[in-house]
Amino acid sequence: MAQMNMKEAIRDAMRVELKRDPNVLVFGEDVGKVGGVFRATEGLQGEFGDTRVFDTPLAESAIGGLAVGLGTQGFRPVAEIQFVGFIFEALDQMFVQAARMRYRSGGRYHSPIVFRTPFGGGVKAAELHTDALEGLAIQTPGIKVVIPSNPYDAKGLLISAIRDNDPVFFMEHLNLYHAFRDEVPEGDYTVPIGKAKVVREGKDVTIIAYGLMVHTALKAAEELEKNGVQAEVIDLRTLVPLDIDTIVASIQKTNRAIVVQEAQKSAGAAAEIIAQINEKAILHLEAPVLRCAPPDTVYPFAQIEDAWLPNAARIVKTVNQVLQF
Amino acid sequence: MSKVSLETPEAKTGGLPHEVRANDVAPLQVLSPEGEVVNPDYMPELSDDQLKEIMYRMVFTRTWDERAINLGRQGRLGFYAPVSGQEATMVGSEYALNKDDFICPGYRDMPQIVWHGLPLYQAFLYSRGHQHGGQIPEGVNVLMPQIIIGAQILHATGIAMGFKLKNEKRVAITYTGDGGSSEGDFYEGLNFAGAFKLPTIYFVQNNGYAITTPFAKQTAAQSIAHKALAAGIRGVQIDGMDVLAVIAAVREAAEIGRNGGGATLIEGLTYRFKPHSMADDTTKYRTKEEEAEWSERDPLVRFGKFLAKKGLWSDEDTARVKEEAKNAVNEHIKKAEQTEKMTVSGLIDSMFEQTPPHLEEQKADFQ
Ligand SMILES: Cc1ncc(C[n+]2csc(CCOP(=O)(O)OP(=O)(O)O)c2C)c(N)n1
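These protein sequences, in sequence, are chains A and B.
Mapping of the first sequence onto the UniProt record's numbering: residues 1 to 325, in sequence order.
Mapping of the second sequence onto the UniProt record's numbering: residues 1 to 367, in sequence order.
Since the hints were derived computationally from the structure, they do not count as laboratory data.
Keep in mind that a hint or two might mislead.
[Claimed, not checked] These stretches of chain A come out as covered by chain B in the derived footprint (C-beta under 8 Å, 3 or more residues): (1) 119-129; (2) 155-164.
[As the list claims (entries may be wrong)] As a list, the in silico SDA-like pairs of lysine to any residue whose alpha-carbon atoms are at most 25 Å apart: (3) A:Lys-265 x B:His-358; (4) A:Lys-124 x B:Ala-220; (5) B:Lys-274 x A:Pro-57; (6) B:Lys-217 x A:Thr-51; (7) A:Lys-265 x B:Pro-357; (8) B:Lys-363 x A:Lys-33; (9) A:Lys-265 x B:Ser-350; (10) A:Lys-33 x B:His-332; (11) A:Lys-33 x B:Glu-290; (12) A:Lys-124 x B:Glu-290; (13) A:Lys-317 x B:Glu-361; (14) A:Lys-33 x B:Ile-211.
Built from N, CA and C at the ideal position, the CB exists for glycine as well.
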């Protein structure tokens with residue numbers, strides 16, 4: 001088995017699918033010759049030619065709309081939005097036109113599109129390059145939302161996403177691209193969309209996270225362990241559909257939970273998860289489920305990023321609050 | 001001026017009579033690369049002192065850019081987009097404005113707003129990711145550089161409408177690159193300016209690349225200046241390595257705008273000698289030959305030759321300005337480094353005029 005970092009695993013997923021299915025197309029700003037600003041598509045144009053892997057002019061709305069149009073013609077676009085903050089330029093095409101195609105055409109057309117975008121803080125990037133905007137996507141009916149936390153999952157989930165006949169918003173954490181290597185199988189395998197994973201077993205409290213925060217939560221769990229607290233950590237992997245069953249099963253065991261997110265506190269994924277826990281597991285709770293998240297400000301300029309983002313210490317603090325409730 | 005205009009289709013062979021065509025355009029040049037005036041009709045009126053001031057600013061900007069790249073490598077600056085090569089379009093276009101004209105910059109356009117009045121240390125603070133970088137002093141008519149490509153084009157359009165509504169003889173200028181001219185916002189802004197006849201100047205610095213994507217992949221249009229036609233505004237193309245051509249074109253556009261003549265799209269042909277940003281390898285998409293060819297058109301060399309012939313500038317002057325610029329950069333970076341750090345509580349308080357209770361509560365997590 002090969003060792004790959006997350007970026008290589010993502011590239012490999014695209015390679016597998018480009019090879020397998022001639023209808024798969026990869027495009028976006030700078031993705032062709034140079035392989036994207038993060039080189040996630042490096043080499044793919046050389047291998048598959050510039051009708052399958054190509055640069056577009058600088059226009060996100062057009063990238064999104066192109067994907068929608070191509071989707072109706074039997075193609076499977078993998079469209080890259082260069083940095084997450086630029087999805088705003090494409091919101092209508094992604095979250096209205098693509099997400100409503102099946103509904104508006106009475107099932108006649110669909111949008112078998114993957115919108116890939118890097119996001120995620122802690123890298124001191126410029127404004128609007130790192131914001132966690134998954135909350136916008138999960139509020140949008142008709143689009144799936146996937147956020148891998150490691151190379152193995154990233155490849156398997158991306159292959160699933162490309163084969164999915166519905167639009168998928170696939171968010172790749174900047175800080176995970178090169179963070180570490182994993183054993184990643186060559187060729188074809190999938191990780192199902194909509195299935196969470198318990199990445200650490202524990203009996204005292206459940207920490208629910210996704211993306212980079214899974215790793216921060218694992219660090220916090222080690223800290224907690226030192227004080228005899230056994231935290232269970234769940235990696236959601238996908239936010240839509242949400243694997244509430246895995247969450248409920250864990251809470252039945254631990255009776256306490258917190259949700260960690262990189263996005264601002266209010267009205268985001270954590271709020272939705274907690275609402276569903278209330279609906280499905282309230283009688284198993286010994287304490288309210290708390291959020292560990294940044295405050296409701298815009299993503300700050302680089303200088304105070306580290307203070308603003310959730311870290312292991314703040315997760316520990318939040319866990320202690322639910323333990324001491 | 002090298003203005004794009006409609007011509008009768010018959011003038012082109014093979015054109016159908018009902019086809020709309022535009023004429024070919026050639027960039028306006030005032031100075032040849034040897035520093036000779038080749039287009040005296042467009043020579044802007046400038047005193048010797050003004051000519052020297054323009055050179056001073058271009059040399060200063062080049063030095064600042066080189067220092068900024070070094071400071072970036074040392075980790076003393078954050079996000080920074082190099083500007084060397086584009087001094088003529090940047091310095092020249094700002095110089096052609098009045099101080100009460102308004103500038104809406106893209107992320108590379110820091111020189112324009114600094115020369116328009118933003119203190120240099122604030123530019124450094126902005127780069128270092130400090131909120132105070134964006135607190136523009138009273139009386140300085142600029143917005144901070146825009147990260148979302150194209151958004152500033154619409155802001156300038158709105159600002160220009162404001163001037164028109166208030167009967168103020170001011171213009172708004174905004175900048176983007178050749179890549180930026182592909183965004184929907186660009187077309188929407190131009191079209192509004194045409195429809196409302198607004199005093200806006202849309203300055204596209206066509207440096208041949210959007211990150212790695214070459215102009216030929218950006219558009220099939222013959223030139224960016226042609227894009228003015230569909231919006232019903234003036235479109236002109238200039239040699240963006242010739243600071244006098246830049247000043248001539250912007251002065252003219254500003255004059256027309258102030259006097260109710262509407263908007264102008266200016267395409268300046270230029271080049272960035274350095275990478276797109278700090279994390280970019282130009283060898284992957286540019287050739288050495290191309291870089292060499294453009295460096296022969298260096299705006300500082302060309303204008304320097306012109307001034308030297310008039311006895312207004314020498315190599316010693318360049319050396320002196322470089323020294324001055326280095327000292328100024330040192331002083332301003334120190335000031336930026338000594339500025340008190342931001343806090344999360346301070347950030348929270350900057351969201352609303354009056355911090356609402358839920359945000360007051362959230363501050364507790366950060367005390
Ligand atoms: C809406 C949006 N999309 C993408 C980007 C990422 N990006 C930053 S600069 C750039 C290329 C810009 O090229 P151009 O407009 O030609 O200006 P230049 O950098 O050459 O001065 C891109 C794609 C962005 N900042 N904003």
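Within 8 Å of chain B's CB atoms, at least three CB atoms from the region 155-164 of chain A: coverage verdict: Our answer is that it is violated, as 0 residues pass the Cβ test (under 8 Å) against chain B, missing three.
Distance restraint between Lys-33 of chain A and Ile-211 of chain B, which requires alpha-carbon spacing of 25 Å or less: 12 Å, holds
Pair hint Lys-265 of chain A and Ser-350 of chain B, alpha-carbon separation not exceeding 25 Å: With a Cα-Cα distance of about 17 Å, the restraint between Lys-265 of chain A and Ser-350 of chain B holds, given a limit of 25 Å.
Agreement of Lys-124 of chain A and Ala-220 of chain B with the hint, judged by alpha carbon distance not exceeding 25 Å: Roughly 36 Å between the alpha carbons, so the hint for Lys-124 of chain A and Ala-220 of chain B is violated.
Straight-line alpha-carbon gap Lys-33 of chain A to His-332 of chain B, limit 25 Å: This hinted pair is violated, its Cα atoms lying about 39 Å apart.
Satisfaction of hint between Glu-361 of chain B and Lys-317 of chain A, Cα-Cα up to 25 Å: 16 Å, holds
Lys-33 of chain A paired with Glu-290 of chain B [C-alpha distance capped at 25 Å]: Distance of about 18 Å is within 25 Å: holds.
Stated coverage of the region 119-129 of chain A by chain B [criterion: 3+ residues, CB within 8 Å]: holds (count 6)
Pairwise hint evaluation, Pro-57 of chain A against Lys-274 of chain B, where the allowed Cα distance is 25 Å at most: Since the Cα atoms of Lys-274 of chain B and Pro-57 of chain A sit roughly 22 Å apart, the hinted pair holds (cutoff 25 Å).
Holds or violated: Lys-363 of chain B to Lys-33 of chain A, with C-alpha atoms at most 25 Å apart: Violated - the C-alpha atoms of Lys-33 of chain A and Lys-363 of chain B are around 47 Å apart, more than 25 Å.
Hinted pair Lys-265 of chain A and His-358 of chain B, Cα distance within 25 Å: 11 Å, holds
Pair hint Lys-124 of chain A and Glu-290 of chain B, alpha-carbon separation not exceeding 25 Å: 33 Å, violated
Of the numbered hints listed earlier, those contradicted by the structure are 2, 4, 8, 10 and 12.
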